[in-house]
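> Top to bottom, those sequences are chains A and B. For what it's worth, the numbering used here labels the leading residue of the first sequence as 1, then goes sequentially. For what it's worth, the numbering used here labels the leading residue of the second sequence as 1001, then goes sequentially.
Hint data in this document are derived by calculation from the structure and do not stem from the laboratory. What you are looking at is a predicted structure, and each value in this text was computed from that prediction instead of being measured. One should not assume that every hint holds.
Here are the simulated EDC-like cross-link-like pairs (lysine to aspartate or glutamate), alpha carbons at most 20 Å apart as the crow flies [stated by the list, open to error]:
(1) B:K1143 - A:E247
(2) A:K162 - A:D57
(3) A:K318 - B:E1253
(4) A:K317 - B:E1253
(5) B:K1226 - A:D278
(6) A:K259 - B:E1228
(7) B:K1144 - A:E247
(8) B:K1144 - A:E314
(9) A:K257 - B:D1160
(10) A:K257 - B:E1253
(11) B:K1231 - A:E295
(12) B:K1218 - A:E111
(13) B:K1230 - A:D288
(14) A:K143 - B:D1089
(15) A:K190 - B:E1155
Residues from chain B that keep clear of chain A, each with C-beta distances beyond 12 Å, as calculated [stated by the list, open to error]:
(16) I1043
(17) I1045
(18) E1062
(19) F1087
(20) Q1088
(21) G1107
(22) V1147
(23) E1197
(24) L1203
(25) I1208
(26) L1233
Heads up, the beta-carbon is just placed ideally off N, CA and C, and yes, glycines get one too.
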Amino acid sequence: MSENKGVWVFSEKYDLTLEMLGKGREIADKLQTELVAVLVGSNVQEKANELIKYGADKVYLIDNPALERFQAEAHLSILHNLAASHKPDILLIGSTKNGKPLAARLATLLETGCIPDCARLNVDEKGRLIGERITYGGNAVAKIAFRSKPKIATIPARAFEKLEPQERSGEVIKLDVKIEEPKTEVVETKPLEISSVNIEEAEVIVSCGRGLERKEDKTFLEELAKILGGQVGNSRPLAEDRKWFTEWVGLSGHKVKPKLYVACGISGVIQHVAGIRDAKIIVAINNDPEAPIFEVADYGVVGNLYEILPALTEALKKQLQ
Amino acid sequence: MVCLKQAVDVSQLKVDPKTSQLLTASAPKKISDFDKNALEEAIRIKEKIGEAEIYTVTVSSEDAKAVLREALAIGADKAYFVNDQSFQDLDTSGTAYILAEVIKKIGEFYLVLCGEASLDSFSGLVGSRLAELLNLPQINSVKKIFVEANAVTAERTLEDAYETVKTKMPALITVTREINQPRIPSLMMIMKASKKEIVTWTLADLNIQKEKIEPKIKVVEVLAPKTERKKILITGENADEIAEKLAKALIQEGVVGR
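Extracted from the complex, chain A is given alone in its bound form (with noise of 0.2 Å):
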């Protein structure tokens, strides 16, 4: 068996696509081996070339009308045909609602191990590829690695950086592959609303839990996250016990990696807390001094909100003049 090779990557997801270039390139030069796009869609002929100037030595580009959607049958094939001629030795694929599966699926075809949800990816000193990952709803980090090839891991959106695209050469190998017929038929798709599509972007985020009294009270935070140019976020007991909202921040909806957040009425459960850890600085405001959110915060406000969000509010207006 020729050895396995080369560091791929796979999203139909572009941003995405370009955050696993970056971390990518870093891995594949560690490795001394080639880093490798796989680019499915319509009309995508351009964004082939830029792969290349985010960090990719080759892309494998299925450009094809058909596939201007994501269709996991055919994306599926694709990637297996192509993994089993060409045998890559990493693959890494964007943790996406339809990446996830499209992941699990590849590795079961191609009888190897996945690690999901990779917060971090590193070559270690005996040259091994260690995924670390947030597990036991948020109480433990645990780095794995592979004992199988190729090694399949899948990548959160924003968990790595993307490189500043230059100028470096590298070739698009254009492909022309059958179509698998779909197992499933999407029979409707509509938009999310805009507000949620963007807190995981979100720089500031004012967020809110139980402590909020009634729905119509989010205008408290959103004055705040207005001055801010931030969002407004929930925790999980306002979507799914009081159904106020239909996502939240946390664990098992959105996490959030913004330069501020700001937990308002949020008693900080394990799972809110492991949705937020990336943020850079986290205030706390509860009128509950045993609330567990203060040991995770930067910043700690005893207090109640409806009194401590408008005077922060003033106090930001004044002092950003």
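Once you have looked at the hints, place chain B on chain A.
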């Protein structure tokens, strides 16, 4: 078919403060939350269509009978428990393989329901791997299910869109916690469950190739994460004073303003 994992109750997990090791062995176990949602959904589907049998399948190296009794009390008709010492190091690949062999042995079915991920390891790979092994169409991370004669329609939320997906049965669906609120069994249901059957199999009862349950990944280390937060409590005479101090601190941190 509902796949149930006996998971560590992560809310009751303790950490050894000296070594940062997790005390998983002594932590209480329960049905993984998402899997309970899958079971609840199976019961709701059964209630809607009238006739159906619900079987649960659990693979574990530890004793999971108490957990399976709970599943039967909630409403499963029969529980399959595959228990073998050699399952200690199972990863998602081996787990899915055993589940597939168990389900093949049990026989025909309309739907396989799984939680989107497990409460403790939260990998979220087993459902998709299982569907692939059983060559079933799959719909993942589903928050609503409608079952028709031979088809199933499901709603899911992607990063930027809602999607309604349809497929023929048999199929495999993984569910999110949003899908329902699992019922709590009454005393009557618990009593009735004691008459239901738990079928226990070991590796020897299944058509298993040993090398296929060898783990393909290896956990090198599991440690509690270090939180390095400043934990500065801001106090003052009144809300305005506190707010002013906090605003100043945030500006100094460089996290607000342009």
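> Which numbered hints are broken by the structure, listed smallest first?
Hint check: 8 and 26 fail, others pass.
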